[in-house]
Amino acid sequence: MTGVQTCALPISSAAQKKKSDRPWIVDEHIQRTRRALKVVDLLSGVITLVIGLLVFLLASALLEHWIIPGGWSSSARIVLFGLLSVGVVWYGWRTFWPLVSQPINPVFAAQTIEQGSPSLKNSLLNLLLLRGRRQQLSPQVFQAIEQQAASRLSHVHADSAVDQSVVLKLAYVMVAVVALCALYRVLSPKDLFASAGRVLLPWSDIAAPSRVHFLDIKPGDTSLARGEQIAISVDVQGLDDEEPVVLHYQSLYDKIVANPEGQQSPMLASSPASEAISKLAPSEVDPSNDG
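Residue numbers (the working numbering): 1 to 291.
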């Protein structure tokens, strides 16, 4: 008698432990799937937002470089920044706010697991739906459904239940857009980053990108005696060999009396090859000279 009772106790304890593990197995899979769904939705939203920002900035740069003479005006830059800000806020409210404020429905997580594992045959979904009506079922029936769901679910990997291919596809699209922006940055004579900065910082004093850049303008602010000449030089970048460089200038006398539109003087190539130079006579720069 004593030996029989001693053998029965471990069997009863093991059966009770196995029975108590069923809800834990189900709840653990549901919780892991809910977390995975939220991570996938978050990554998809972030990547989509980055793609949208890059496309918007690239499109605005293309319009500024090749369509709009002189680039975007100050008011147009403010409008673009406003449109971009409204779009980002709207997308964030529509995509990210539900992920932060609302949990993933366990029934939806169960449906996701069922779709990825047809061998479950709706046993997990049935279990979740019947949990709310447990009093209407006999304990034996509910335990049988729970045992069936836990048994089938133990052979399912929770990490593979959520389809992550959408994140991978969006990542490929983002890489392609980034590569397109980098290619345009290298091949275009106009600066993509400058145009992006003009849209993102409309209050900043960033000049519109240009194919030709004038660097190291000399002599800057200076004074000279009557009868002297002044040599004006500039380092010109991005200019074709046959394109001329013309100096536009205006003296105070021209501005008030003689020539309000100013005067022009061709600049000659010098050494190094990118430098252009022009010499102005005293009568051309002296505002007190009346001719």
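Just so you know, the hints here were simulated from the structure itself, not pulled from any lab data.
Please note that the accuracy of each hint is not assured.
[To be verified] Heads up, simulated SDA-like pairs for lysine to any residue below, C-alpha to C-alpha not over 25 Å straight-line: (1) Lys169 x Asp27; (2) Lys169 x Lys218; (3) Lys38 x Asp27; (4) Lys169 x Ile78; (5) Lys38 x Met174.
[Claimed, not checked] Okay, the calculated beta carbon distance ranges per label pair: (6) Ala171 x Thr222: 51 to 61 Å; (7) Ser75 x Trp97: 28 to 38 Å; (8) Asn122 x Arg35: 16 to 26 Å; (9) Gly197 x Trp66: 39 to 49 Å.
Note that the structure is a prediction, hence the values are computed from the model and not measured.
Here a beta-carbon is modelled for each residue, glycine too, at the ideal position from N, C-alpha and C.
Going down the list of hints, with the structure as the test:
This hinted pair does not check out: Lys169 and Asp27 have alpha carbons roughly 30 Å apart, beyond 25 Å. Straight-line distance between C-alpha atoms of Lys169 and Lys218 comes to about 54 Å, which puts the hinted pair past the 25 Å bound. Distance restraint check for Lys38 and Asp27: the Cα-Cα separation of roughly 17 Å lies within the 25 Å cut-off, and the hinted pair is therefore satisfied. Straight-line distance between C-alpha atoms of Lys169 and Ile78 comes to about 34 Å, which puts the hinted pair past the 25 Å bound.
With a CA separation close to 20 Å, the supplied pair Lys38 and Met174 stays within the 25 Å bound. Against the hinted window of 51 to 61 Å, the Cβ-Cβ separation of Ala171 and Thr222 comes to about 57 Å, which satisfies the hint. A beta carbon spacing of about 32 Å between Ser75 and Trp97 agrees with the range 28 to 38 Å that was offered as a hint. A hinted range of 16 to 26 Å for the beta carbons of Asn122 and Arg35 is consistent with their spacing of about 23 Å.
A hinted range of 39 to 49 Å is violated for the C-beta pair Gly197 and Trp66, which are about 18 Å apart.
In summary, the structure is inconsistent with hints 1, 2, 4 and 9 from the numbered list given earlier, while agreeing with the others.
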